[in-house]
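Trainee: With these hints in hand, go ahead and build the complete structure from the sequences.
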Amino acid sequence: MKYTLNVNGRTETVDAAPDTPMLWVLRDKLNYIGVKYGCGVDICGACTVHVDGESMRSCQIPVSEAGSKKIVTIEGLSPTGDHPLQKAWCDMDVAQCGYCQGGQIMTAAALLKRTPKPTDAEIDKTMADNLCRCGTYTRIRAAIHQAADAMAAAK
Amino acid sequence: MKNEISSVPSSTPLAAAVPATGTGSAAEFSLDRRSFLRLSAVTGGGFMLGFSFLKSGGTAFADEVGPASPGEFVPNNYIRITPDGGVTIFSTRPEIGQGIKTSLPMLIAEELDVDWKSVKVVDAKIDQTSGNPNPGAVGGSNSTPQSFNQMRQLGAGARAVLVEAAAQTWGVPAAECTTASGAVLHAASGRKLTYGGLVAKAATLTAPRNAPLKDPKDFKIVGTRISGVDNPALVTGKPLFGIDVKVPGMVYAVYEKNPVFGGGEVISANVDEVKMLPGVKDAFIVPATNGVPAGVAILAESTWSAFSARAKLKVVWNEGSRANDNWTDMKQQALALGAQAAAGDGDAFLAAAKTAEATYSFPYISHANLEPQNCTVSVKDGMVEIWSPTQNPGSAQQFASRATGINNVKVHVMRSGGGFGRRYTAETAGEAALLSQKAGVPVRIQWSREDDLHHDLYRPAGFNFLKGGVDTAGKLIAWRDMSVGFGGGGGGGRGGGAQVSPVGGGNAVFGAVAPAAGRGGGFGGGAFPAPFVPSFSSRSGGTVSSGIPTGPWRAPGDCTSAWVVQSFLDELAHLAGRDPLEFKLELLGGRQTAYSQRMTPVVKLAAEKIGWGKNLPRGQGQGLAFHTCMSGYVAHAVEVTVTKDGNLTVDRVVAAVDVGSTIVNLSGAENQVEGAIVDGISTLRFPELDIKKGRIAEDNFDQYVLAFMPDAPRKVDVHFIKSANNPTGLGEPPFPSVAPAVCNAIFAATGIRVRELPLSRTSLKWT
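Line order of the protein sequences matches chains A and B. Those letters in the first sequence? Residues 1 to 155, by my numbering. Those letters in the second sequence? Residues 1 to 767, by my numbering.
Hints were generated in silico from the structure; no laboratory data involved. Take the hints with a grain of salt, since some may be wrong.
List time: in silico PhoX-like cross-link candidates among lysine-lysine, alpha-carbon distance up to 20 Å [unchecked claim]:
no.	chain 1	residue 1	chain 2	residue 2
1	B	K722	B	K220
2	B	K275	B	K312
3	B	K275	B	K354
4	B	K117	A	K87
5	A	K125	A	K113
6	B	K120	A	K87
7	B	K117	B	K220
8	B	K438	B	K410
9	B	K715	A	K125
Here the structure is a predicted model, which means the values were calculated and not measured.
Mentor: As structure tokens, this is what we get:
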């Protein structure tokens, strides 16, 4: 089946089986490999993307249901890679292996859009479903606070 | 993992050219370019180029920097300097999240005396066929101790050439010249030449044999916080990992293997039906072949096509003799063996005023790298080219070579989405190579999460049957450990019992780890606490037959023995009615050994920083534990809160760490310790594997549970003690003492002693 998708502001046409999860459409067909496969069953969050501004698991979205929704991957979060979260992640040297961090940043970006100055508890609640096997949670928390501060200061 | 490193035959070429650290011979090796085997290289920029190609429809990773241009200064195969002063440093060690791709180039840049911002770090490619060496595996926290002086010497040699070039240009003695920020200075005449301006002259000179190293007090880069060199690529989703590799003509493969450990061949499979499914290019049965276990391969045009087709695959297996193995029975057998524990005690406890006995046990667990195992291989024209996210390029090379019968093998080491010892064995390289050879096209094999849990080389399970005795003065006078392990499944993990399965067998041929003598689940052989206890015995109580293959798991052996030893030691402190810190320090003070001299300050620092001895209400408690492995000495002090209904919060963790005289990258080092604390808490609390019908019962992260952010400590403090010892690694040492420190704090808070892992099996409710 052919599908016309809106990914990172571009119109893309792909040929895929209707039940193909967006995770694999993005990775294999469109080469947005920043979207990572970790579990395929909506637990780890490595495949998190934004769908119409909300963070969602791309492993749970069949291509047939993507329609014209605006899908944004970590590659499309900011044109030049300087979203305050991306900068904070680099400043605070958050990553170890780094495999989960694209998904962590996408979940955090949606949080900051809703809640520009989150508390620790709000961060924990929102980030509670993104697995980091290396255990960088304390730095992720700190980097989200730093990005929130930077965004507030820029206003 | 120290012992097995040297057993990897392919890790030798570079080691032969450059002496290891700590031998005292570092100053003698020559930086003559010919003394190094050639390295070709790939660039971060090349990755981005490859990425843009991929966006327009798929091509190989454009990863070659190509040969140096005539205008460049190439003092050795790790450094290039261009006329504009740009410095490229090549990284050769596999990056698995331990930060080595940043920390080792920092050492070169430090001695070269350039500003870090002028440095670009790129990956070296390993190609033994054309003489490019395998730089060795990363495991056993070995990279820093092996490379610390070597990297410094590389930078210092290049710096010496640039100084000489300036001195000759000016006609002054080299000894009058100094360097700073990528320039040579002559103070007497006020002259200055940048490295970029010196490259043409420098390229005509040969590096000296014994270039002087900086006094560590003059370090400007080493010891600071440097953000990981791949961070900009990581936070923007650039291709770095094995799973990101695409090469022209590549097909996506899955490989279904026997779910029963020790099982045999495929009896039948509906491959003809599977072949007809959408997107499937081929499906076929593979008999066990030269290190590749029997299986069914499905080759498809996308990962999802392969996964979908696999869901319809029906295989009848020869399940072998272990299809009825189950963990419940295996545990019962271990407990039955434990009944003999007291038989060997003799008179050991006669002098004890009080004794305590306890059984500690820990299950098999998986590594659960977040990036499931994968590998891309192209077998073409008598050559094998591998893209492997591996800790051990030699393992990938050997598996592929053995599977295909081709010795002409090239390995691109990709960034690994987590190592933890799992990626020391690269059997996916053999699987992908065999499929590529059969199919005649490049193949990326992708394990599903389920494959990753079902076909790991697991951390061994084990039981320890302990007894301890204290005298009337409350001193520890006798300790018995009898360990029972599980063996026979091949691989080479250690820690499950004194008779851990022998090397070889199964699918771990190249990554196999020889169990060190006396280091099963036991902890004799001179390790703590043996030298400090007047009557100490550690022996094997036997081995329960098991088909489960094992392998190195972050701090092999230590990752479980530290929990057993440090938990039981705490029990004995309470048995004696003593403050646990005082009891443990007294024990360490009982003999002056190299161990006690390094460990005592670490323990004291952790206790001081947590504020040991606070008067806390019931439901809150402090705990302490310490351990050494891979030459690192670590103590953890912890504060926990346990609610009456048994909910645990780890409020605070203090780590005191002695890994020698120098911390290379303070940010990376702290990150390793912080991550090990979370991993320690995670591994303590949640994961376990059940075995049913000879196979792993857990399929995914809903059943194999790991810690998420709410489980992480509220506050973590990391303190380094800089001792007069050679700098050593941090991947593993900060892990083992986390779990017992938390368990000891739980006891202080609730009176509940955790003696079975994971913690989720023990109710922490109190009244």
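Trainee: Now look at each hint and say whether the structure bears it out.
Mentor: To see whether the hints hold, each was checked on the structure:
1. About 17 Å separates the Cα atoms of K722 (chain B) and K220 (chain B), which keeps this hinted pair within 20 Å; it holds.
2. A threshold of 20 Å between alpha carbons decides the hint, and for K275 (chain B) with K312 (chain B) the separation of about 11 Å falls inside it, so the pair holds.
3. A hinted pair counts as satisfied when its Cα atoms are at most 20 Å apart, and K275 (chain B) with K354 (chain B) does not qualify at roughly 70 Å.
4. The hinted pair formed by K117 (chain B) and K87 (chain A) meets the criterion: a straight-line CA distance of about 17 Å does not exceed 20 Å.
5. As the CA atoms of K125 (chain A) and K113 (chain A) are separated by approximately 15 Å, the hinted pair is consistent with the 20 Å bound.
6. Distance check on the hinted pair: K120 (chain B) and K87 (chain A) sit about 19 Å apart at the alpha-carbon level, within 20 Å; holds.
7. Between K117 (chain B) and K220 (chain B) the CA atoms are separated by roughly 13 Å; this keeps the pair inside 20 Å, and the hint holds.
8. A C-alpha spacing of about 19 Å is found between K438 (chain B) and K410 (chain B), which places the hinted pair at or below 20 Å, so the restraint holds.
9. Among the hinted pairs, K715 (chain B) with K125 (chain A) is consistent with the structure: their alpha-carbon atoms are about 17 Å apart, no more than 20 Å.
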